[in-house]
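Novice: Take a look at the letters that make up each chain.
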Amino acid sequence: MEKLYKFLKYTFIILWTVFIVAPFLWAISTSFKDFQSVNSKVTYIPWLDFEPTLEGWRVLVKSPARGGVDIVEPYFNSLFVTCTASLISIVLGTLAAYALSRFTFKAGFVRNNDITFFFISQRIMPPIVLSIPFFIFLSTIGLLDSLIGLVVVYIVLLMPIAVWIMVDFFNRVPKELDETALIDGCNPYQAFYKVVLPNSIPGLIVAGMFCIIFGWIDFFFAFILTFTEVQLLPVKVVALNSSITPWWSLSASALISVAPLIIVAFVVERYLSKGNLSGALK
Amino acid sequence: MNFKHKYVFLFPGLFVLIGILIFPIIFTIRLSLSGWNSYTPEMNFIGITNYIRLFTDDPRFWESFFRLSFLSVTTVILQYIIGFALALIVWREIKFKRFFRVIFLIPMMTTPVIMTVIWRTFFHESLGPVNDLLGNLGVEPILWLSDPVIAKFTVIIVEVWQWTPFMFLLLLAGLLSLPKEPFLAAAIDGASPFRKFVYVTFPLMAPISIGAIIIRLIEASKIMDTVFVLTSGGPGTATETSSFYIYIKGLREFQMGYAATLSFTYLVIMIISLTIIAKVLTKLMIKK
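The listed protein sequences derive, respectively, from chains A and B.
Counting from 1, one number per residue, gives the positions in the first sequence under the numbering used here.
Counting from 1001, one number per residue, gives the positions in the second sequence under the numbering used here.
Derived from the structure by calculation, the hints contain no laboratory data.
Possibly wrong hints are sitting among the right ones.
Heads up, simulated PhoX-like pairs for lysine-lysine below, C-alpha to C-alpha not over 20 Å straight-line [claimed, not checked]:
1) B/Lys1095 to A/Lys274
2) A/Lys3 to B/Lys1095
3) B/Lys1196 to A/Lys6
4) B/Lys1152 to B/Lys1222
5) A/Lys175 to A/Lys194
6) A/Lys3 to B/Lys1097
7) A/Lys6 to B/Lys1097
8) B/Lys1004 to A/Lys106
9) A/Lys9 to B/Lys1095
10) A/Lys175 to B/Lys1006
11) A/Lys6 to B/Lys1095
12) A/Lys274 to B/Lys1097
13) B/Lys1180 to B/Lys1196
14) B/Lys1006 to A/Lys106
15) B/Lys1196 to A/Lys3
16) A/Lys175 to B/Lys1004
17) A/Lys9 to B/Lys1222
18) A/Lys194 to B/Lys1095
19) B/Lys1180 to A/Lys274
20) B/Lys1196 to A/Lys9
Bound conformation, chain A alone (with noise of 0.2 Å):
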């Protein structure tokens, strides 16, 4: 019973595992593949069934007027957008977190709770909902196809995260912190910003990295608001794929998009096992 049992883990684990990692090793080998090897017939490990190429990674530095696809200012442009907006979410956010977990808000039938669901139930807003006016407002004051109309976007995405972790996080800081930093003379501010800001920093932490994942992978803002001036890496992936699909540099240019955030991975498992992310994240 228990071998029966402890064989079925490892199976699905081990299953599971395979399920999660296929997609990368099929994109990792198809990255390497030419023309012939994609169309011909299914070919899967490289020097065996087929020649491996590296011209599905050549052709993503290569300038588009030599037929290169340039993946770089979109990598930037991506890189700009989600930071400004995680950072300006995460300010502000954490602002608002600190509020509602220390002090008491009354205004006619509404109490914290219902601020701090107001805060999180942003995330309800289907997209699309949001991006037809958003569409005609931003093309009225010119800031369609813009970096900067983008991150105002954004931020609607990313603050309810911030909120959500934070509220959480500061409500397991213990009160008597600020208390005896206000009894030693701080002011409000210098309680937050010198004693419960710097014991915040694993909930900082974990918020920052859902901002910039939830930030990184959207897709549909930047394709309904964005066109050819400033394009961000999704849509420009997805632009290769509806053209006749060259499915090297289509695998080559995915897998360099998911790269960065991989390393995430690492670090909230870090986290994880340390015990630091179970109070930031229940």
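Once you have looked at the hints, place chain B on chain A.
Specialist: Same frame as chain A, but now just chain B:
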């Protein structure tokens, strides 16, 4: 503790969020009462004509809504079961624990549309590896993307791959934060692993489970990226979800007024149904 300073902390975030959102929402409501389309791109007033059209003469919207409900509920249930099983396995000591934990987290860090582009080549009906490997086993090629029924399952497979890690992460974080005493007590009583799960782990995890399921349902209800790249809503309308239908009406056919009507109705339905689901789940799971 109560200060007038408290507003200094709260208001910047609150006002930025409201400031960004208030215009789109009011604008959507106003737009939904207009006949804005590519022939008359102006904010005229046609009353509730659009709403009448939606409720009496647009089965395609309601079909897409039920399809969305089916897809998101199915994927979330699968994610919950698989995610919980994975979390339980790597919660305890096991060989290569940290390796498996990292692997199980990776898909949620990857961009859905970009991975979907890969999945599309993966499920390609003549040049993809799935049909090729199955072919070696003597299975007829499966129409992953062009059969109306199978295409739905392909979308589900991709969604489960992409988002089970999120469920896994929330549940594992929850498991790791559980108190130790109930488990010790169960061990002293000599409870079998199965009974331990039913009477100790599951009840303790109920609040966390509810949170995780609701968060995932909210996110799953926005399925759009995957469908957009994988099948473009096809074959026919077999995988078309509400968001995708609104997108077609609004930004492809430029029936902005009608698309706003759809958007607003959709938003209201989402808020109501998610609130009901949250209430029902809380009742069902906490009672035990």
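Novice: If a hint holds in the structure, say so; if it doesn't, say that too.
Specialist: Hints versus structure:
For the proposed pair lysine 1095 of chain B and lysine 274 of chain A, the alpha carbon gap of about 18 Å is at most 20 Å, so the pair holds. Proposed proximity of lysine 3 of chain A and lysine 1095 of chain B is supported: the alpha carbons are some 15 Å apart, at most 20 Å. In summary, the hint linking lysine 1196 of chain B to lysine 6 of chain A is supported, as the alpha carbons are separated by about 17 Å, within the 20 Å threshold. Restraint check for lysine 1152 of chain B and lysine 1222 of chain B: the C-alpha separation of about 16 Å stays at or below 20 Å, so the hint holds.
A hinted pair counts as satisfied when its Cα atoms are at most 20 Å apart, and lysine 175 of chain A with lysine 194 of chain A qualifies at roughly 14 Å. The suggested pairing of lysine 3 of chain A with lysine 1097 of chain B holds, with an alpha-carbon distance near 19 Å, which does not exceed 20 Å. Between lysine 6 of chain A and lysine 1097 of chain B, the direct Cα distance comes to roughly 14 Å. Compliance with the 20 Å bound is thereby established for this hinted pair. A threshold of 20 Å between alpha carbons decides the hint, and for lysine 1004 of chain B with lysine 106 of chain A the separation of about 13 Å falls inside it, so the pair holds.
Pair hint lysine 9 of chain A plus lysine 1095 of chain B holds up; C-alpha atoms about 11 Å apart against a cutoff of 20 Å. Only pairs whose Cα atoms come within 20 Å are accepted, and lysine 175 of chain A paired with lysine 1006 of chain B is accepted, the gap being roughly 15 Å. For a cut-off of 20 Å, the pair hint linking lysine 6 of chain A to lysine 1095 of chain B stands: about 11 Å separates their Cα positions. Distance hint between lysine 274 of chain A and lysine 1097 of chain B is fulfilled; the C-alpha atoms sit about 13 Å from each other, no more than 20 Å.
A distance of roughly 13 Å separates the Cα atoms of lysine 1180 of chain B and lysine 1196 of chain B; the hinted pair therefore holds under the 20 Å criterion. A hinted pair counts as satisfied when its Cα atoms are at most 20 Å apart, and lysine 1006 of chain B with lysine 106 of chain A qualifies at roughly 12 Å. With a C-alpha separation of about 18 Å, the suggested pair lysine 1196 of chain B and lysine 3 of chain A falls inside the 20 Å cut-off, and the hint holds. A distance of roughly 18 Å separates the Cα atoms of lysine 175 of chain A and lysine 1004 of chain B; the hinted pair therefore holds under the 20 Å criterion.
A distance of roughly 33 Å separates the Cα atoms of lysine 9 of chain A and lysine 1222 of chain B; the hinted pair therefore is violated under the 20 Å criterion. A distance of roughly 42 Å separates the Cα atoms of lysine 194 of chain A and lysine 1095 of chain B; the hinted pair therefore is violated under the 20 Å criterion. Restraint check for lysine 1180 of chain B and lysine 274 of chain A: satisfied, since their Cα atoms lie roughly 16 Å apart, inside the 20 Å limit. Annotation: proposed proximity of lysine 1196 of chain B to lysine 9 of chain A holds, straight-line Cα distance about 17 Å (limit 20 Å).
Violated hints, listed in ascending order, are 17 and 18; each of the other numbered hints is respected by the structure.
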